[in-house]
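2 protein chains.
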Amino acid sequence: MIRNLTEQDKEHLQEALIKSGQKVTPQREAVFTVLLAERDHPTVDEVFHRAREVMPGLSLATVYNCLETFVGCGLVRQVNHERESTRYCPNLAPHAHFRDKETGRVHDIELPPEVLKSLRSILPPGFDSEVIEISFHGRAQAKDHHSN
Amino acid sequence: MIRNLTEQDKEHLQEALIKSGQKVTPQREAVFTVLLAERDHPTVDEVFHRAREVMPGLSLATVYNCLETFVGCGLVRQVNHERESTRYCPNLAPHAHFRDKETGRVHDIELPPEVLKSLRSILPPGFDSEVIEISFHGRAQAKDHHSN
DNA sequence: GTGAGATTTCGAATCATTCTAAGTCACAAC
DNA sequence: GTTGTGACTTAGAATGATTCGAAATCTCAC
Ligand SMILES: [Mn+2]
Ligand SMILES: [Mn+2]
Ligand SMILES: [Zn+2]
Ligand SMILES: [Zn+2]
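Order-wise, the sequence lines are chains A and B. Number 494 in the working numbering belongs to position 50 of the first sequence; there are no gaps in the numbering. Number 532 in the working numbering belongs to position 88 of the second sequence; there are no gaps in the numbering.
Please keep in mind that the hints were generated in silico from the structure rather than gathered at the bench. Quick caveat: nothing in here was measured; it's all calculated off a predicted structure.
Identical chains blur together in the list; that is why a pair holds if it fits in one copy or across any two.
Dumping the calculated SDA-like pairs for lysine to any residue here, alpha-carbon to alpha-carbon at most 20 Å: (1) Lys-545 / Asn-524; (2) Lys-545 / Val-523; (3) Lys-545 / Val-515; (4) Lys-454 / Val-498; (5) Lys-467 / Gly-516; (6) Lys-561 / Ile-576; (7) Lys-454 / Leu-536; (8) Lys-463 / Pro-534; (9) Lys-561 / Glu-577; (10) Lys-463 / Cys-517; (11) Lys-561 / Pro-538; (12) Lys-454 / Gly-465; (13) Lys-545 / Val-575; (14) Lys-454 / Ala-537; (15) Lys-545 / Ser-573; (16) Lys-545 / Gly-518; (17) Lys-463 / Glu-451.
Full structure from sequences and hints, please.
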């Protein structure tokens, strides 16, 4: 289920952590591994339970800490939908999120550069945006449970 | 500070409530009045304190109830930014939100139909979205504190 | 005016997240 | 090799926005 990190992913993790003056720890590796294993935007609690299977002593606080660290060094994004638990996404390409009303599942939606550009263009002069979050909410036909 | 509702706004409120089988109450009128008075996307707590000035016995639970009712009958929208308290917006035109990193203020950003359309177009077949939320986060030059 | 149902109110409960403080660990300096 | 330092992890308590439960009050059709 939870495969190990590829060499490439391991380097990605190491580089990002070390570049921001932080250490590579077994807990961070385990949490990062969980995030990359499935692209289903897990909650903290879901990450916690998955990571525990491979590292039984891991604490919930540490999962919170790891995820915060990853967000801080740009390894993952937080995804919020209304008042639900925060979810985490390791997809660094620009994309929107679609939350399926029925299943609760969150899907990545590719965001072409020209659409991103047209979105930025609606900002009046003086508004300078660093982050844009786009989220859809509705029904998705369940064609493929591996889709993201 | 808090003006009374115009006849038009009052009718809007009555119509929406009655259409969905609910009653017009003094509390609901007070909360709605507060929402329309300033377009600054207040939190529940802010609505509560403003409405209290005009109706001292009003309870926080009722403010939660009223706002939930209004969202249910389409009179206002909820606005969420990350993990912060939910804010409320009476602007029913399609628009995006811009949260100013420095002031915390939330501004409405007009959303032209063609941009909305280009956004919808990124959804793959089978994805049917009822709600799209777009939020920007960054710095805005404070030209006009009345802007929304 | 009455009664049924909706609404309001207060306080308690929930629950995701953050905080605190103590225990571990990695590793550099001596 | 011991020791010191700072970063990291851990368990549990605290926080705070929101929701729930139950009793009191109001509203409106009859
Ligand atoms: Mn689906
Ligand atoms: Mn501003
Ligand atoms: Zn994603
Ligand atoms: Zn708005």
